[in-house]
Amino acid sequence: MSSGGAEDDIPQGERKTVTDFCYLLDKSKQLFNGLRDLPQYGQKQWQSYFGRTFDVYTKLWKFQQQHRQVLDNRYGLKRWQIGEIASKIGQLYYHYYLRTSETSYLNEAFSFYSAIRQRSYYSQVNKEDRPELVVKKLRYYARFIVVCLLLNKMDVVKDLVKELSDEIEDYTHRFNTEDQVEWNLVLQEVAAFIEADPVMVLNDDNTIVITSNRLAETGAPLLEQGMIVGQLSLADALIIGNCNNQVKFSELTVDMFRMLQALEREPMNLASQMNKPGMQESADKPTRRENPHKYLLYKPTFSQLYTFLAASFKELPANSVLLIYLSATGVFPTGRSDSEGPYDFGGVLTNSNRDIINGDAILKRNQSHKEMHCLHPGDLYPFTRKPLFIIVDSSNSVAYKNFTNLFGQPLVCLLSPTAYPKALQDQSQRGSLFTLFLNNPLMAFLFVSGLSSMRRGLWEKCQEYLRKINRDIAQLLTHSRSIDQAFLQFFGDEFLRLLLTRFIFCSATMRMHKIFRETRNYPESYPQLPRDETVENPHLQKHILELASILDVRNVFLENTIDDY
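Numbering-wise, our numbering comes out as the position in the sequence shown, counting from 1, plus 8.
Rather than coming from a laboratory, the hints here were simulated on the basis of the structure. There's no promise every hint is true.
[Claimed, not checked] Here are the simulated distance ranges between beta carbons:
(1) S56 to A427: 48 to 56 Å
(2) G42 to K476: 50 to 58 Å
(3) S220 to Q48: 35 to 43 Å
(4) F415 to N252: 30 to 38 Å
(5) I523 to T219: 20 to 28 Å
(6) A427 to S220: 36 to 44 Å
(7) S461 to Q437: 14 to 22 Å
(8) Q48 to D28: 50 to 58 Å
[Said to hold, decoys possible] Mimicking DSS-like on lysine-lysine, the simulated pairs with C-alpha atoms at most 30 Å apart in a straight line are:
(9) K52 to K24
(10) K144 to K70
(11) K24 to K96
(12) K166 to K144
(13) K135 to K35
These numbers come from a predicted model, not from an experiment. We put the beta carbon where it would ideally sit given N, CA and C, even for glycine.
Please take these sequences and the hints and turn them into a complete structure.
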């Protein structure tokens, strides 16, 4: 706003418009900055504060739309400032998704981020000699890429990566800054993330088909009449990633990314609203939670992990399940122990915050002490007072086979192989094979069969056959006379039902595969599954051979598996 006598010439109404805008802008920044002070755990404390922040940004966005001409003339509103407001609203929606696990909020974030790009709100930033403004633009790109990855909009991701690369090159050339290495690392990370899938599905014109691995309406096998299962529902999940050297982007490893998608339904289609930035009704708390709430913890310390675990445990509703997913480097015990207690088998690594550790097997320094920076099976005992579903993907997953169910609540642990055959191409940097089976079993099946690409028509045919296999696995489980009741108590929940059927498919596939011949190559579970009725069932083995025949890879599987045991 101009000063002195010129200010007196501004009509009172226009002066009030500028004052009101400045108030809303300052208030919005104050509230937004306060978000980082909110506790990251707990589902109730943050909601009223988020609501107030949304309200102010709603008013600010509408206000600048209604008074754009006055703000241009009297305030000198620049397009990048409008872009900043839109970017903050996009961030709010993204964080709302992180807090609630409702995927529809990702669509809202996408709509605001898209508008910024389509309307070139940041296009003039490069003409100003202010590196901090260019950094805002680069951060916007990085955030937009994360949202697009989560929505599986890979075509948009590739365009954004190319634009971001050009922006980084221009930024470093103009300002000769010290953060050039960091921004180039961002590019490398997202490039590796995009290429993590080991198999490509191709259209007839050789373009890549983007497949979604969220729960579709036809995803989980339906419960048939007469199936007696529990009424528990999955309410909360901790997804923990602490693998050395695994590809990651924005504190999300490939394993974490795959597991979070396995615990979400397909987002609502809000395509009609995509290009209309403006607050939608979805800013209100949903009346019914479609997805289990999730905490995403990248390389947490033991204290952080335990704090989030305790918060989830405390707020778990009645008749609900807490899921803990651990994708982490194995910690092995050294020396011999006189006892075989829950702290004598090692566990998985937690972040020490100070030790830089390389290699997969971490050995403790003093043989008389247990490893501190490790989540031992015994550390989870207090939380077995409520229904607990644990998935461990680690080179020491078998440490969690030695569980004791102290409180009689439903408890299941699904455990990855501790080693894979050397003949199998090492893909561990691009995500674990076990987690891939839980997220996208057909892609994992193709990979172990030596296939790296497939036509869409054949892919869809195999997916349909896999749905039939899942239905049959569900029947095997519910008709089994010797299965532990814990499995059936979790089977009423769609997400857990799908994870259990995929686990059995994974285990059966590996047991039939010619190169998976050692016990450590197979998944295990606590409680143990009756092999002859599940993972070594002749009916299921026949299905797997039939799937292999459809793909013309039957030669990699054993024909007479039953005789080999």
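Going through the hints against the structure:
1. S56 to A427: 48 to 56 Å: Because 50 Å falls inside the window, the suggested range holds.
2. G42 to K476: 50 to 58 Å: holds, 52 Å
3. S220 to Q48: 35 to 43 Å: violated, 28 Å
4. F415 to N252: 30 to 38 Å: The hint (30 to 38 Å, Cβ to Cβ) holds, given that F415 and N252 are roughly 34 Å apart.
5. I523 to T219: 20 to 28 Å: holds, 26 Å
6. A427 to S220: 36 to 44 Å: violated, 31 Å
7. S461 to Q437: 14 to 22 Å: For Q437 against S461, whose Cβ atoms are near 20 Å apart, the range 14 to 22 Å holds.
8. Q48 to D28: 50 to 58 Å: Taking Cβ atoms as reference, Q48 and D28 lie about 34 Å apart, which means the hint is violated.
9. K52 to K24: Between K52 and K24 the Cα gap is close to 37 Å, so the pair fails against 30 Å, i.e. violated.
10. K144 to K70: OK: K144 and K70 at ~22 Å, within 30 Å.
11. K24 to K96: Holds - the C-alpha atoms of K96 and K24 are around 25 Å apart, at most 30 Å.
12. K166 to K144: holds, 20 Å
13. K135 to K35: holds, 29 Å
Hints 3, 6, 8 and 9 from the earlier list are contradicted by this structure; the remaining hints agree with it.
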